[in-house]
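K.L.:
Residue numbers (the working numbering), protein chains in the order written: chain L, 1 to 267; chain E, 1001 to 1278.
Please note that a few of the clues may not be correct.
What the hints assert, rightly or not - Covered stretches of chain E, as calculated for chain L (at least 3 residues, CB under 8 Å):
id	segment
1	1019-1029
2	1181-1193
3	1232-1246
Think of the hints as simulated: they come from the structure by calculation, not from any bench.
If you're wondering where the values come from, they're calculated on a predicted model, not measured in any experiment.
By construction, the Cβ of each residue, glycine as well, lies at the ideal position given by its N, Cα and C atoms.
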Amino acid sequence: MVAPPVAFLGVFFLFPLLRVIYSSVAQPSWTLGNYAKVVDESFYLRSFWYTIEIAASVTVLCLIIAYPLSYTVASSRGRAQKLMWILVLVPLWTSVVIRSYAWLILFQREGPVNAILLALGWISEPIKILQTSAAVEIGMVHILLPFMVLPLVTAMVKVDVTLLRAARVLGAPPFKVFWRIYVRLTLPGAAAGCALVFITSLGFFITPSLLGGARQTMAAMMIEQAVSVFLNWPLASALSTVLLAITVTLYLVCARLTGDEAGMVAK
Amino acid sequence: MSASGAVTVQGVKRRLGHGFLRAYAVLIFAFLLLPIALIIPMSFSNQRYLTFPPPGWTLHWYQSVIDQPRWLVAMMNSFIIGVPTALLSVLFGTLAALGMARGGFRRRKLLLMLVVAPMMLPHVIIAIGLYPTLVNMRLEGSFAAVIIGHTVIGIPLVFVTVTAALRSYPATLDLAARTLGAGIWRTFRRVTLPMIWMGMVSGGLLAFATSFDELMLALFLTGPGTETLPRLIWDQLSFALSPTLAAVATMILALSVLVQGVGVYLGSRRVVIRRTAT
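Construct all of the structure, not just a fragment, from the sequences and the given hints.
P.N.:
Below you can see the structure in the form of structure tokens.
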């Protein structure tokens, strides 16, 4: 029964993937020249490093923002909870291109964000928001936040409240109860959310292209440019292979930490 | 039990904490939803440049979307690609889920990795590998090319939802049907299928939505005649930030809220039905 899907994915996924790795060393002739280029030109290495940095900071921001929000969703009941669930899901229904476009409007020099900051008197003249890392991070957090909230709420709903009560009765101060019990019990959800957000961030293209500038070039943009601007497929293959290696490595690290290889994906 | 005074102080504290959390939730929901909502007034703005709030209102941008047939063509293309993608994903994803949940065979883990990997990898890597492969098959620029690409990323979505549905009921039910004399096909149609049906539908919807929104594979695999909606929006974005895009975005937004809203409504009705049934 698994033969048809495995054949399909073998031909249209696994084979193309192996082909990327193959052509990164076999084109134009057998060479490591493509990788030499990746290492030699500081732009490529810097971009990979920048991608990891952005992915890490977006993950941390998502976790910090999502944790109290998830707690609010998990601890409310009935209609309020259902409404909050829908509000978390609505952004997922809207296209990533459109959401990034919305931030593009918001962050214009004459845009609403600058207007609000001016009105509040926090700045005296419009500041440049677009083409900064902050713009890219805000846009990415906006898109990825629901992916952190979903596993967190799932973990929080499962927490046995009597454990918390027992700890309180036994004399533990509230903060200790929160830290030693609640946080520990919801750790798997947080880990799953972090893994999901981090790995997804590594492949981001639309948001950094629209909201960032040349200095905010992330890995996927660089690979796309290697093809569309430089028409250099072997180089694109080498860059893809490096990104693949980074993604797989981090995936395995995450799987180790969460102690669960595919379940993490299945939420 | 503590003294009544302490209880009140605690109660007040708790209420304050709740109020704070509620306020925080409102703030974050505003962050999530306001930027999306902002597009709607922008699409009615009478200003060519995006200024907010708009000084006046017009339907001009909607008119210009309707006047340019390429928007309609792109929308059609997105459906022509999205529907077969969903159907193929459901077919392959369900087969994979059934095969792996029920058949106990070796190398299960390896197969699992193969099926879910497309979901985890950056699309650009898949695109870089798939493009030359499809060129070799002389499929470049065809609808089939994008459908294939989108099905690769659609299969794991269906696989995950159907696997979840399969786990929600004991495999002994299938076994019971078999011992009572039902054939394999009949067991599937009368027992397994009704149990995993919702998983297949929601997985298929996910696959459709993903295809409808996907840009990277579309950039590599669509040609002049097969441009999808995200690709056309993307190409237009590099020209100008005209409110025409806001009008298109508003129309897509309305469409997806409608479709998903119906989905949620049907979903919650099902839950209610199931609850009253048990």
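K.L.:
Which of the listed hints are not met by the structure?
P.N.:
2
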